[in-house]
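Take these sequences, add in the hints, and give me the full structure.
There are 2 protein chains.
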Amino acid sequence: MAAQWVYSFGAGKSDGRADMKNLLGGKGANLAEMATLGLPVPAGFTVTTEVCTAFYQNKNTYPADLKDQVAEGLAKVEKAIGAKFGDATNPLLVSVRSGARASMPGMMDTVLNLGLNDETVRGLAAQSGDERFAWDSYRRFIQMYGDVVLEVPHHEFEDILERSKLDNDVHQDNDLSAVHLRDIVAAYKAVVKKKMGKPFPMDPQEQLWGAIGAVFKSWMTPRAITYRRIHDIPEEWGTAVNVQAMVFGNMGDDCATGVAFTRDPSTGENYFYGEYLVNAQGEDVVAGIRTPQSLTVNGRNKEGSDLPSMEEVMPDVFKQLCDVRLKLEKHYRDMQDIEFTVQSGKLYMLQTRAGKRTSAAALKIAVDMVAEKLIGEDEALLRLDPQALDQLLHPTLDPGAHKHIVAKGLPASPGAASGIVIFTADEAEERAKDGTKVILSRKETSPEDIHGMHAAAGILTTRGGMTSHAAVVARGMGRACVAGAGSIHIDSEQKVMRIGDHVIREGDLITIDGSTGEVMLGKVATVKPQLSDDFATIMGWADAHARMKVRANAETPLDAKVARGFGAQGIGLCRTEHMFFEPTRIQHVREMIFARTVEARKEALDKLLPAQRSDFAELFTIMKGLPVTIRLLDPPLHEFLPQSDEDIQAFADLAKIDSEQVRRRLGELHEQNPMLGHRGCRLGITFPEIYAMQARAIFDAALETGATPEIMIPLIATDVEFTILKNLIDETAKGKNVIYSVGTMIELPRAALMADKIAESGAAFFSFGTNDLTQTTLGLSRDDSGMFMPDYIRQGIFARDPFATLDTEGVGQLMQIAGQKGRAVRKDMKLGICGEHGGDPASIAFCESMGLDYVSCSPYRVPIARLAAAQAAIREKSAVKKKVAA
Amino acid sequence: MAAQWVYSFGAGKSDGRADMKNLLGGKGANLAEMATLGLPVPAGFTVTTEVCTAFYQNKNTYPADLKDQVAEGLAKVEKAIGAKFGDATNPLLVSVRSGARASMPGMMDTVLNLGLNDETVRGLAAQSGDERFAWDSYRRFIQMYGDVVLEVPHHEFEDILERSKLDNDVHQDNDLSAVHLRDIVAAYKAVVKKKMGKPFPMDPQEQLWGAIGAVFKSWMTPRAITYRRIHDIPEEWGTAVNVQAMVFGNMGDDCATGVAFTRDPSTGENYFYGEYLVNAQGEDVVAGIRTPQSLTVNGRNKEGSDLPSMEEVMPDVFKQLCDVRLKLEKHYRDMQDIEFTVQSGKLYMLQTRAGKRTSAAALKIAVDMVAEKLIGEDEALLRLDPQALDQLLHPTLDPGAHKHIVAKGLPASPGAASGIVIFTADEAEERAKDGTKVILSRKETSPEDIHGMHAAAGILTTRGGMTSHAAVVARGMGRACVAGAGSIHIDSEQKVMRIGDHVIREGDLITIDGSTGEVMLGKVATVKPQLSDDFATIMGWADAHARMKVRANAETPLDAKVARGFGAQGIGLCRTEHMFFEPTRIQHVREMIFARTVEARKEALDKLLPAQRSDFAELFTIMKGLPVTIRLLDPPLHEFLPQSDEDIQAFADLAKIDSEQVRRRLGELHEQNPMLGHRGCRLGITFPEIYAMQARAIFDAALETGATPEIMIPLIATDVEFTILKNLIDETAKGKNVIYSVGTMIELPRAALMADKIAESGAAFFSFGTNDLTQTTLGLSRDDSGMFMPDYIRQGIFARDPFATLDTEGVGQLMQIAGQKGRAVRKDMKLGICGEHGGDPASIAFCESMGLDYVSCSPYRVPIARLAAAQAAIREKSAVKKKVAA
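Protein chains in written order, with my numbering: chain Z, 1142 to 2027; chain F, 1142 to 2027.
Keep in mind the hints are simulated off the structure, nothing from the lab.
Because identical chains share one entry, a pair is satisfied inside a single copy or across any pair of copies.
Mimicking SDA-like on lysine to any residue, the simulated pairs with C-alpha atoms at most 20 Å apart in a straight line are: (1) K1898 <-> I1934; (2) K1898 <-> Q1954; (3) K1497 <-> M1245; (4) K1867 <-> I1934; (5) K1468 <-> N1411.
Written as structure tokens, this is what we have:
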């Protein structure tokens, strides 16, 4: 059977359907669907995306039988409309539009009134009884076709039009007479001939094929190619071409054109929301030359407009349109974005598609549609974009505010914040005490900056990526953060930063948008988040549908409270080292590091014990009834040491040792590759007294609060390490009546490969530390990859930054190996993830597919993860069903 | 059936055999074997190692039926000897000795003459007709038993003995009379009673069980435990106890005792080599109080000794012993180390075991025994320790020279070297110009030090491990190197190093031994290596039996020539970056790095092209007919940049740029974890012109010399990287008539996991870069692991440093995954290894087991690898045979 290249639609029946978007493009598929639904769609046909693909595969030639199929399609349209393409007395006019699977900038948009020439224009005049309308249509056609298909510069036509208005002393296009317009047409044709070296095509067939060819060619414009690369759209998808009989909203006052949403796209409220213009063509609404009027009385009142609504002006057509609205929503079971035209009192539907909406509207529509029984809970959940929830959780820039953007970095932690620029953590803390909003601005941050980051409203760095220290900590704290803004040069000595010619000094006001990465001068107004009932409803459904639990990575009481407020079902990662940085404690930590004997080390640790114990007790109390996983000390010891001369002296004075000695120890602790150095459980092996102290603090706190802690050992590479350290912990627990379990991070490839042995050694749970597992599996430092990651994304080596979205092929393969080996030994092995990926929807879907028990992420991502977990569970279930059915 | 705890031997038949070493220990098994062979072994029995294990498993109690089995064993001995244990007139005396699988310091050695007491001593006097002998035996017994079993301090007995000699005015032990000795015995018993609070045991049964218990207890002495830990001997092995009828070499001038080797253990020459003493007990030979005499006339002449040989003194017994020698060699088919005693003209064999020998002797004996048809080539190859070949390839310290050892580091590159201490590479090169021997001494080395390392006779570092830069490069160059000598403090500014109180200044002479890690003051004489014909013979057999090829890691013409001289069958890794460090080139390299545009970078690269091309051409010429694998640029660019202020200024001046700009670029290129940073193929992705230049140089050189190069891309993590870079290389080859292949290092876990995809992308070979694969799989920086690796080895987490011997469980698992996936796609996928492990015998065995095509190692390890590869192939074949048989 020969391929079908052309699909007809209209007059109550169609070759295509809404679910044939891949073949027909979004527009074509929905036109076909509407026609089948019995809605008034002007007849037409779609040239499929496969023609586009074939065109480029065969050196820009069409399939042999395309011509015939188009002719056939056109004949059907002629029959439906009762007019003939190119006929001098009763001419059929058509529109030609592109239509890819997803709407795409850079593609050819629309040519209207195609089929007009010096002869058919007279037929149109006779048929419509309006010579001015006919010549205006012809004028518009030449202008559009000349611009879009023939690529004659747009201004050539505008110049002629303007000159005519001047010459004839008229002000509006509408005031030009038929005679004026005829002259303009002549001038248009002359300019085309001059520019092209040949006359404007009079043959309607030539016009049609010219327009079809222009659509296909526009698939390969640089702008379209760039857009596809950015949005991961494969070239093979191609575009379709829609050819459709013209209807006219500009044939008189019983004509109109409009666009509408079936519900309010910014709030989600269930009322008809839209605009129309009397006696106008579609592009007039978009162009904004005339002010569009509201569809409904309700809408007009809301806007306080004097202009009459369609409900008042064309009550019958409006009623028809309301029926269409209900029909479409019932059929598509989603809010629709529609375009329509009224010609001589008759309604025509030109487009429908799912309407874009704000996050708040998305939530409301989803919840409402479940109440209206249009969709089920699972479908409501699947409709929502988890990432978009971020909009609801953080302050956002007032969309109306003026923005003076001076730099762009990575959108490292969502939310917008204004404040004065401060360059050191201490100063930030100091200045923030009286409530001053501060933007802590640094080349990069380190654990020593935590207090300043906490005090700041936002954090700006000039180095580092999406998972740099600044980014990770800011997300954890819910602070806005723009990271790696490389065009900014910070001179913290001089307390100044430079962006090109802009010089920003300490104390100057700036605004950062952590959702876009933008850095702006001055204060830009922000809008505070408010969580609606719809949000609570959706989260409730999400938890009911999710199989995996969602925990939070949190260690401070504040973080834990935020996490619980966002519905975290436990703590998946409490990083004990964050508790070491408090000014009163860091001295003891440093003394511990400087201890030359086990006794001296134990003495320093004994001073830390009460603080650790009370930290844990508070955390257990906040998370009462929920699991809490505590990771023992992880970072290399040098992270705790003073770095500046001043700090070194201060520490030496307090500890009563020589500052030279401090420097020497700093030298000894220096590492070439600290990520692969003396850290994690390696500290526990060489300094068992550190882990013993931490275990003791955990057990004491658990006894005090009745908690059943999960103790997690980091950076395990071998089962022997695990055995030695589990023994140490078990030893510490002896005599204490406490229930606990001991597990490990799986964050090194070797641990994943040896998961069976580690399970045999008594690990009760595995938590995938995918940050480090990504670093080691890919041999890629997350702190340093910023240098070449953009090249890697651009060249398609990684689809996305593997530190943001899990590399399922590589890292995921190791996770699967570990999960299978672990559960082969211990059926009830609890599996979780606590890397940054635990808050990324795509990564969460992978976690669901491999059967993890929970994901853990920063507190502010908990709602996103809950929704993503629910979606993953629903999709996984339906995939399983499909498999079973097959 | 009840367990057999006791195995009898002697009188021509035995319960045990030589291959029952695990059960009977080495000594017991060989005594049994000798008895079965019909050799004159005094009757006795062995208490098995299983008793030792049972003893410790059951809270230091013996198996219930042990007593009876020992009694039975003893009865057999009584019967064979015709004497009775504890009998007053005809007493049986026995020796009790420990006997583990391998001889082990810290274990109880020997108690002789057990069974003597105040009564049996008289029987012995009567039986031997020599009262003095009887009392001397009794005196020796109390002393040995008191020392070893009762733990009475040794000096208590010595004091009594000395006092008696003084009191009685005699000088030698032998001059003490029976009466003197009787008094000494009384004094010995008194001191035992005083120290123990109870009398010396008179009951022979109590004596026997005391001695057996002492052997088992000695299994758990701290010294024994330490030794086992160091030598990987499991505690469960346990020790056996040998109880054997006494024979006496000290009953008169027709008695003697001796030790011998069946061939010369230091040269391997095939003559009888040994010493004996007339009228002496075994320990007299060892103690060195009397000068032992040569066994043979030949030996006596060689040593220029006046003392008569056994051949002359006891020709009949000597002839018997010669027969024993031949019988043992024929039976064991190896050179034996034997102990014997002659009692009243009758020969008794007390021990045989494989004799320790020098590397040279080992080679000669192996080659000779093949010629003598005692063993086959495969057995000859298996006998040799590949590591020991190192002795033959490098200068070694004169064994007779005095050594003043002041520090110990890691034995990082074998060989010994003396020279003056120099602290910088430039200075080392300068001073070495006139032939001065230099020891380059640094905290650690970097690629910038290469010229100084090359000029030096030896390299000493105070930081870094077995695979630090210094160690790897030194092994590659065949320079002696002691690395990570942490007790040495180098102050290179002051040009001085301190070791405790020793101050060593620039220009002072020191000696290092890279085979032991020792650092010595002054010059210690060394012995030059000479490769014998036996060496060539063995290497020939090795190549004939090996399945894998052995290639070398080499880039300089010198290295390549050395490698070829040592029989390398190609180059497995040519590190092109080493070619960049020559003073004339480094400036261009740095200009290339500083280039801000592709054009400027290409310009700098064009200057490097001719040098690269001629390097490759020279290498191809040296390796004519053999495969050469060239790795494209691998290290991060900052390794090439100047670091000191002086160097920065010098470079800036030459390149005519501002030194501030240089510093800024240095800052930009700084990385937190350079091992995981912008290096390897990531450079090729971001700066394709670098790889294009290198590929061009390779192809031009190949055309010039007719070589068929293998081009290797480093640090591949994804198939897309490989595809992009292979395309680049193929593009560069276009129009050039050259045969080549493109492959990749497998040095990241992700590459191993995705090996199928990489194979599908056209990789012709995989070379396992196990240095980096170990670093990433274990998350372990080889530069930093020195800090805790000793703890890790001590606690049994790693049996050996995973950078020296492949972690087969973890890293090996990934290699297997990669090998299988790669060959599933491409059956003829060539697999090799080019990490440091390629020269380690244990790792080579693993490579054989997984079917690699070749191993590649530093030139000086090539012979070791050839032998190890042959052994691995032979063992693998026999393992397969066994499997098939089973």
